[in-house]
Amino acid sequence: MTWHRSDPALYEKEKAEVEAQFPDLRFVVENNQVYVRGSFPVMFEGKALDRYSVELLLARNHPAGLPIVRETGGRIPRDLDRHILKSGTACVLIPDERWHLWPEGSALLKYLTGPLHSFFLAQTMVEEGQDWPFGQWAHGAKGIFQYYRELLKTSDLRAMTTYLDYLAAKKVKGHWPCPCRNGKKLRDCHFDQVKDLRGKIPRKTAEWSLSILREAGESAIEMDEAKPAASVSKS
Amino acid sequence: MTADEYLKEVLASQALGDDSDEVKALQKHRADVEKLIRDNFKDTALTIRYAGSKAKGTMNKESYDLDIISYVSSGDNTAGETIEDIYNNHKKALSKKYYVEPKGSALRLKGCDAENLGVDFHIDVVPGRFSDETKTDAYLYQSGGDKKRLKTNLDVHLDHVRESGVIDAIRLAKLWKARNGLPIRTFVLELAVIKLLEDKKKKSLSAQMEHFWTELRDNSDNLTVEDPANPSGNDLSKYLDDNLKSQLAAAAERTLDLIDSSGWEAVFGKTEKQEKAARVEILRRAAAVATPSRPWLPEE
Numbered sequence: 001m002t003w004h005r006s007d008p009a010l011y012e013k014e015k016a017e018v019e020a021q022f023p024d025l026r027f028v029v030e031n032n033q034v035y036v037r038g039s040f041p042v043m044f045e046g047k048a049l050d051r052y053s054v055e056l057l058l059a060r061n062h063p064a065g066l067p068i069v070r071e072t073g074g075r076i077p078r079d080l081d082r083h084i085l086k087s088g089t090a091c092v093l094i095p096d097e098r099w100h101l102w103p104e105g106s107a108l109l110k111y112l113t114g115p116l117h118s119f120f121l122a123q124t125m126v127e128e129g130q131d132w133p134f135g136q137w138a139h140g141a142k143g144i145f146q147y148y149r150e151l152l153k154t155s156d157l158r159a160m161t162t163y164l165d166y167l168a169a170k171k172v173k174g175h176w177p178c179p180c181r182n183g184k185k186l187r188d189c190h191f192d193q194v195k196d197l198r199g200k201i202p203r204k205t206a207e208w209s210l211s212i213l214r215e216a217g218e219s220a221i222e223m224d225e226a227k228p229a230a231s232v233s234k235s
Numbered sequence: 236m237t238a239d240e241y242l243k244e245v246l247a248s249q250a251l252g253d254d255s256d257e258v259k260a261l262q263k264h265r266a267d268v269e270k271l272i273r274d275n276f277k278d279t280a281l282t283i284r285y286a287g288s289k290a291k292g293t294m295n296k297e298s299y300d301l302d303i304i305s306y307v308s309s310g311d312n313t314a315g316e317t318i319e320d321i322y323n324n325h326k327k328a329l330s331k332k333y334y335v336e337p338k339g340s341a342l343r344l345k346g347c348d349a350e351n352l353g354v355d356f357h358i359d360v361v362p363g364r365f366s367d368e369t370k371t372d373a374y375l376y377q378s379g380g381d382k383k384r385l386k387t388n389l390d391v392h393l394d395h396v397r398e399s400g401v402i403d404a405i406r407l408a409k410l411w412k413a414r415n416g417l418p419i420r421t422f423v424l425e426l427a428v429i430k431l432l433e434d435k436k437k438k439s440l441s442a443q444m445e446h447f448w449t450e451l452r453d454n455s456d457n458l459t460v461e462d463p464a465n466p467s468g469n470d471l472s473k474y475l476d477d478n479l480k481s482q483l484a485a486a487a488e489r490t491l492d493l494i495d496s497s498g499w500e501a502v503f504g505k506t507e508k509q510e511k512a513a514r515v516e517i518l519r520r521a522a523a524v525a526t527p528s529r530p531w532l533p534e535e
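Keeping their order, the protein sequence lines are chains A and B. According to my numbering, the first sequence is numbered sequentially starting from 1. According to my numbering, the second sequence is numbered sequentially starting from 236.
One or more hints might be untrue.
[Stated by the list, open to error] If you only want the chain B side, here are some residues facing chain A, beta carbon under 8 Å, derived: (1) 289; (2) 290; (3) 292; (4) 352; (5) 504; (6) 508; (7) 510; (8) 518; (9) 520; (10) 521; (11) 529; (12) 530.
Treat the hints as calculated values from the structure; they're not laboratory data. Idealized CB from N, CA, C, for every residue including glycine.
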């Protein structure tokens, strides 16, 4: 059952919160799915600096799942370098980093005022000829590689995939070898870090990223080496 | 940025390049108007040309009209016996597609279909007749005023402005007129700028403008202009009467005070470049307090 039916109180709460802060966004239920449509403002100091026409399709298991965001005005070129697919779908973040941007279970409002707002603010700045203000992840596997390289402070793909293996596993055992590959047991080395990350990155997400990295293999690193890590704004 | 750099930026932001949407739209309008006129006067040898700011190089994006002359050859009566007939027959021809408003010697075109009803296209068609075979001097009909016939010479007018050496000052003066809603005819303003800056051509643009406004403020009572195409024949004093002179003097005084108290930006506002820089600065400030998040893209 879709979330708005299984938890109508949550639906009403989300709707009321969002429509109060974003009067130009509307909740619409179509084909048993919840959409949020309208004009999304890029705000600063109480003023709208810009606006984008958007449609958010909330996941069936909202707020556990991530919304699918589409820029419907056709203003942003359907260009991979603008992080927009041909369908208009916006790639706001890497699912693995969701835990610090929009933790699972958070209100939709936090997503709108957080990562989504930053995404469209960045689009406006790029349109003005500026760099991506917060940087950008490379596309596909190399972006995931970049993310875990920053998170785990390692460029060792084998260590990285072992970490992801442990995040995707149903359980981890202290006697397993530590993913940092220093020869120690997990309980004597990075056990706390693995435990902490297991609480942040859902198993399914880790599994999905692991499969992408495994499929790309060394090319994820090679591609990444050719184009350095997430470029951070010069400004 | 110096005052002159700023003024150059103002002019650059007001420039209309040949490939601009505005100029393309004007060219399309001109083609439509020319076809309409030629289709209606098939037996008439017509000279149809750009006049006004498009031909003089004094167009500003913020406020521009398209002037088109449609002159009949000397001795050709197929478009009308008299210049009044020529004027009225042009009006009749243009009325097939536009709402036509008589405006001195010109016919102002406005929309008359459902989509553009009453829309001012900012196009003036000036009908007339060349005075002889040389196709230089021409007679125009004047729909208002006592004198119904006006002798003029388009090329003399164009050359007078184009060779004035003060085109930039003319463009700024036109912008000033538009921003201040001053009811002075553009060609009279152009003549006034050229006259007042006659011996200031080598001065900087900001110095020229300050001189122009100082003269208007202090000596507008004595200001007169002459039609370069017909200095003794066309009396332009009616276009520069005492009421208008006092309006010009007051506006010039306000402008000079503004420059003195708040600088040149207070007169012409921020340029596009400055506005863009200000916008980028606000966006950067917004980014500084936003949640840093980086976009990604799965492989398609």
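Verification of the supplied hints:
The criterion of a C-beta within 8 Å of any C-beta in chain A is not met by residue 289 (chain B), whose closest approach is roughly 31 Å, and the hint is violated. Of the supplied interface hints, the one on residue 290 (chain B) is violated, with its beta-carbon coming no nearer than about 35 Å to a beta-carbon of chain A, more than 8 Å. Below 8 Å, beta-carbon pairs count as interface contacts, and residue 292 (chain B) has none with chain A, the closest being about 30 Å; its hint is therefore violated. With 8 Å as the threshold, the beta carbon of residue 352 (chain B) stays out of range of chain A, its nearest partner Cβ sitting at about 29 Å, so the hint is violated.
Below 8 Å, beta-carbon pairs count as interface contacts, and residue 504 (chain B) has none with chain A, the closest being about 19 Å; its hint is therefore violated. For residue 508 (chain B), the interface hint is violated, since its Cβ never comes within 8 Å of a Cβ in chain A; the closest pair sits about 12 Å apart. Interface hint at residue 510 (chain B): violated, since its Cβ lies 11 Å from the closest Cβ of chain A, which is beyond the 8 Å cut-off. Satisfaction of the interface hint for residue 518 (chain B) is found here, the shortest Cβ-Cβ separation to chain A being roughly 5 Å, below the 8 Å cut-off.
Given the 8 Å rule on beta carbons, the hint for residue 520 (chain B) holds: about 7 Å separates it from the nearest Cβ of chain A. Annotation: interface hint on residue 521 (chain B) holds; nearest CB of chain A at approximately 4 Å, less than 8 Å. The interface hint given for residue 529 (chain B) holds, since its Cβ lies 5 Å from the closest Cβ of chain A, which is under the 8 Å cut-off. Taken as an interface hint, residue 530 (chain B) checks out: its beta carbon lies about 4 Å from the nearest beta carbon of chain A, inside 8 Å.
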